[in-house]
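Hints in hand, dock the two standalone chains.
Taken in sequence, the protein lines are chains A and B. Mapping the first sequence onto numbering that gives the first Met the number 0, position 166 (from 1) lands on 165, and the numbers just tick up by one. Mapping the second sequence onto numbering that gives the first Met the number 0, position 27 (from 1) lands on 26, and the numbers just tick up by one.
I should point out that these hints are in silico values taken from the structure, not numbers from a laboratory. Incorrect hints may appear among the rest.
With a Cα cut of at most 25 Å, we get these calculated BS3-like pairs of lysine-lysine [what the hints assert, rightly or not]:
| hint | chain 1 | residue 1 | chain 2 | residue 2 |
| --- | --- | --- | --- | --- |
| 1 | A | K190 | A | K58 |
| 2 | A | K190 | A | K179 |
| 3 | A | K179 | A | K58 |
| 4 | B | K35 | B | K128 |
| 5 | B | K128 | A | K58 |
| 6 | B | K128 | A | K190 |
| 7 | A | K58 | B | K35 |
| 8 | A | K133 | A | K58 |
For clarity, every value in this text was computed on a predicted model and none was experimentally measured.
Residue strings, one per chain:
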Amino acid sequence: MFMDGPIGRWDVDAFLWLNGQVGRSDLLDGLVELLVGDYLIPVTVALGLLALWFSGRDKATRYRYQIGVFVALSTMAFTSWAVQEISVVAERARPFLDHDVNLLFYEATDFSFPSNSVAAVFGIAAGVFGVNRKLGIAMFGLGAVLGFCRVFAGAHYPIDVIAGALIGPVIAILVYQFRKVIEPLPTWFIKTARMFHLA
Amino acid sequence: MSPFVADYLLFAFWAAIGAIQIGASIGRFDGLLFIKHNLAARALGVALTLSAIAWFFLTDDRNINDTEGGLDANMQAMGVFAGAFVAVIVTVVTSSVVNAGLGRPGPEALKTPEGLNSGPEGGLDALRKVSYLTAVRRSLPPLWHGAPTSLVRFYSGDKEASSFE
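In isolation and in its complexed conformation, chain B is listed as follows (with noise of 0.2 Å):
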């Protein structure tokens, strides 16, 4: 790999870190930040973005043809898919540890069936209230345990669907 190469996947994964942040907080999917504080974790991420940009193209001259070692309209889309495919796995992770503690349920609520069965609620929607980890791990169980009958009714639509129309 090249230096080149390395550079613009290294600014790709870390401008997206910054774009999730931004997103995440305008979505307010508490769960998927860094900072608890919405607007400042919004703040994180433009920074973040801004700070990949100005380290990847003022510390270089990046106007190379992909004929002299830049790269073509492809390889720079995938560099993007790839930077943003580990940025999410960066941000999932990481916002998990930091959220550890979000939503965690109370000892009164783990002494009734309610409170030990309050899932998450789907999709994203769940990351408003508790982390990631959290959220897979109270969503995941139940799925496994049906399928393959939970996993029909899903694609087929009936839960879930009614709310996409």
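Next comes chain A alone, as it looks inside the complex (with noise of 0.2 Å):
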């Protein structure tokens, strides 16, 4: 594959170069760890999407907030079931099986290629990003420096994270551009919660 060429080269010099600055900040060092987690920033998002259901100010605005609700909770699903799709063919090992890293993460025993976790968080991103600019830039914001803490922590390559940033937006468009499929069911869930003073 392409990690055995050119590419894969780079981005294994890149890894540990990043990963060789570990130790020389203890600030960012433990900034890094509290980050880098499977937790922090997923669940961050994802009280993002809570707060995003209840803030449109009018019933138009609200119905396309929570649309984009159901879009970012269905690209999460798919994603990671791409994800683990993806990785079983590529069965790339993770860095510190293969190199002298500095380890701030916790041995995962899954693959590396690509990183669920940021592909996930880029995929709500990008499903949020269709009805909220803002608050979809925020999310790839946290996105990204998930991405950052995953390679700087020994967890991932580079190149794990960028696809796993470029897989999230592309199932979210794809979810996007077949949500009629699924349709009556987000609209009728959003009526009989609007039933019920909650939607």
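Take a look at the structure:
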């Protein structure tokens, strides 16, 4: 695969350089240890979806936001599935298995390519970006921070993160294009929630 | 349930309460707010969310693999969904108590049929003027008495669907 060519060599060199910065600043290391986890940024993005659900000031805006929440959640599910399928084909080992790594993360047991968490956050961000530019950009920013931290902490190679950052938005676009296939369901759910003053 | 899972669920619930306060304050749904002043309610929401994050991440090591007591992606998503679901219930109950007097019709209004029948708008818009409990009490009985006809009209788009176009 491309991992054996010049791109793969750049990928490893870039990873080793960035991960080699670990230990130079206790503050940065501590910050990365906080941000790199499976919980902080993904849960923060999910909380953004919850706030988005309630934040539309008129009915039409709120409906658009709530459809955006459905697109984002569907994207997250499809992205997770796609990443699983791609990773078993690529079979790329985690960096700490092949290199001497400064690990600020636990020794993950799944494949490295592509990054699942980065793909999920970028997928959700792309779904939200379609209905709320500011919140979408903020989520893309969080995804970028997560991607940087994953490489810095020794959990992924740069290409893993870049692939995840591409897969999520591509799936979000596909979900948005094909949303009419499942369209009655979101609208029925929103109407039912409206009946109980929750949408 | 392991202590980690219990902590995660509490974190998701606590932070979700804050997220709902932030969203409801942006949407100006006073009936859902814990504090009547809009900006103060938003500040409370931010404080709740940040305090939940600080409590969860600064009190213990949370970088745990799902094979060693952590949660896989599916369980994480279910945990957030469960926390958000309970947070919505706690929010509507608490805000109904806090805002019990919000939008209550005065004695003059109760003397006229228009005042008595001045029901809330649909959906979340009702919560701009009244508490959640008041909105449900005003809106559900007419819907219930007219069922199933009213439900068929509601879902077929006669009354509501046009606003979604």
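message: Against the 25 Å threshold, does the CA-CA distance of K35 of chain B and K128 of chain B hold or violate the hint?
response: holds, 12 Å
- prompt: Holds or violated: are the alpha carbons of K128 of chain B and K58 of chain A at most 25 Å from each other?
  reply: holds, 15 Å
message: Need the status of pair K58 of chain A, K35 of chain B: alpha-carbon distance at most 25 Å?
response: It holds: about 22 Å lies between the C-alpha atoms, which stays within 25 Å.
task: Measure nothing beyond the straight line between the CA atoms of K133 of chain A and K58 of chain A; if it is 25 Å or shorter, mark the hint as holding.
output: holds, 20 Å
- prompt: Going straight from one Cα to the other, do K128 of chain B and K190 of chain A come out at no more than 25 Å?
  reply: holds, 20 Å
- prompt: Hey, K190 of chain A versus K58 of chain A, does the alpha-carbon distance stay inside 25 Å?
  reply: holds, 11 Å
query: Are the Cα atoms of K190 of chain A and K179 of chain A separated by 25 Å or less?
result: Between K190 of chain A and K179 of chain A the Cα gap is close to 17 Å, so the pair holds against 25 Å.
message: K179 of chain A and K58 of chain A were given as a pair; does the straight-line alpha-carbon distance stay at or below 25 Å?
response: holds, 20 Å
Of the numbered hints given earlier, the model fails none.
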